[in-house]
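A.B. asks: Each chain, written out:
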Amino acid sequence: DAGITQSPRHKVTETGTPVTLRCHQTENHRYMYWYRQDPGHGLRLIHYSYGVKDTDKGEVSDGYSVSRSKTEDFLLTLESATSSQTSVYFCAISDGVGDEQYFGPGTRLTVT
Amino acid sequence: SQQGEEDPQALSIQEGENATMNCSYKTSINNLQWYRQNSGRGLVHLILIRSNEREKHSGRLRVTLDTSKKSSSLLITASRAADTASYFCAPRILTGGGNKLTFGTGTQLKVEL
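Here the protein sequences line up with chains A and B, keeping their order.
In terms of the numbering used here, the first sequence has 16 at position 16, counting the first letter as 1, and numbering is strictly consecutive.
Just add 112 to wherever you are in the second sequence, counting from 1, and you've got the numbering used here.
Everything labelled a hint here was simulated from the structure, so no lab data went into it.
Careful, some of the hints might be misleading.
[Stated by the list, open to error] Quick list of in silico lysine-lysine cross-link-like pairs, DSSO-like style, CA-CA up to 27 Å:
hint, chain 1, residue 1, chain 2, residue 2
1, B, Lys168, B, Lys181
2, B, Lys168, B, Lys212
3, A, Lys57, A, Lys70
4, A, Lys11, A, Lys57
5, B, Lys181, B, Lys138
6, B, Lys212, A, Lys70
7, B, Lys182, B, Lys212
8, B, Lys168, B, Lys222
9, B, Lys168, A, Lys53
10, B, Lys168, A, Lys57
11, B, Lys138, A, Lys57
12, B, Lys212, B, Lys138
[Claimed, not checked] A few chain A residues facing chain B, derived, Cβ under 8 Å:
hint, residue
13, His41
14, Gly42
15, Leu43
16, Tyr48
17, Gly51
18, Gly58
19, Val60
20, Phe90
21, Gly98
22, Glu100
23, Gln101
24, Tyr102
25, Phe103
26, Gly104
27, Gly106
Using N, Cα and C, we set each Cβ at its ideal position, and we do this for glycine too.
Generate coordinates for the entire structure from the input sequences, incorporating the hints supplied.
C.D. replies: Okay, structure coming up:
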């Protein structure tokens, strides 16, 4: 398995609180991604990074921000969590443009 | 939407039978990838087929690509109970997409003993 870890693996938080999810890789891959997975919607891209301090929005970026200060870490922040952000969040990495992506184990987030 | 759309949404077969899943997409692509997801786990990459390829094999997997019809199929031969999972196609669009893949809602495959 590719060296990708996500923390925390499970989190319950209240509406309005900020939440930060962490993705850590040991593969030195250039690209990192955050997705959310919801029933009936499949996997949707939130944000991605193509290098340190280089990020771009995906299709469902509202309410989320990201940061990448080191190659190995990609943080996803929910600035003020809402119930609609209850989901399973996956981090993924890839080495090159168009290459296969390797996924982390996921973080199950519940916003009450 | 530029995402891949898998068909059928659910498929139930007996162990030893072949399973075929289809994927359609809407725009020109650079490549198309297939992933598997076991319940509660992350996605695992299965196979990548480039736009200039028509067929590719990997073990018990066979993938075809028809760019004129904007469609792909994944065949799993001699299925096993361990193949029970959701399967996703992910087209990588040719222009304006950067390195982004778009995923559909998947085909849920159940292989029964």
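A.B. asks: Does each hint hold? Answer for all of them.
C.D. replies: Cross-check of the supplied hints:
1. B:Lys168 to B:Lys181: holds, 17 Å
2. B:Lys168 to B:Lys212: holds, 22 Å
3. A:Lys57 to A:Lys70: holds, 19 Å
4. A:Lys11 to A:Lys57: holds, 24 Å
5. B:Lys181 to B:Lys138: Judged against 27 Å, a Cα distance of about 9 Å means the pair holds.
6. B:Lys212 to A:Lys70: Holds, at roughly 21 Å.
7. B:Lys182 to B:Lys212: Cα-Cα ~18 Å, so holds.
8. B:Lys168 to B:Lys222: holds, 24 Å
9. B:Lys168 to A:Lys53: violated, 37 Å
10. B:Lys168 to A:Lys57: violated, 32 Å
11. B:Lys138 to A:Lys57: Distance of about 21 Å is within 27 Å: holds.
12. B:Lys212 to B:Lys138: holds, 15 Å
13. His41: holds, 7 Å
14. Gly42: Since the shortest Cβ distance to chain B is 4 Å, the answer is holds.
15. Leu43: Cβ of Leu43 of chain A sits 4 Å from chain B, so the hint holds.
16. Tyr48: holds, 7 Å
17. Gly51: violated, 11 Å
18. Gly58: This hint holds: Gly58 of chain A lies near chain B, its Cβ roughly 7 Å from the closest one there, short of 8 Å.
19. Val60: violated, 12 Å
20. Phe90: holds, 6 Å
21. Gly98: holds, 5 Å
22. Glu100: holds, 4 Å
23. Gln101: holds, 7 Å
24. Tyr102: holds, 7 Å
25. Phe103: holds, 4 Å
26. Gly104: holds, 6 Å
27. Gly106: This interface hint holds because 6 Å falls under the 8 Å limit.
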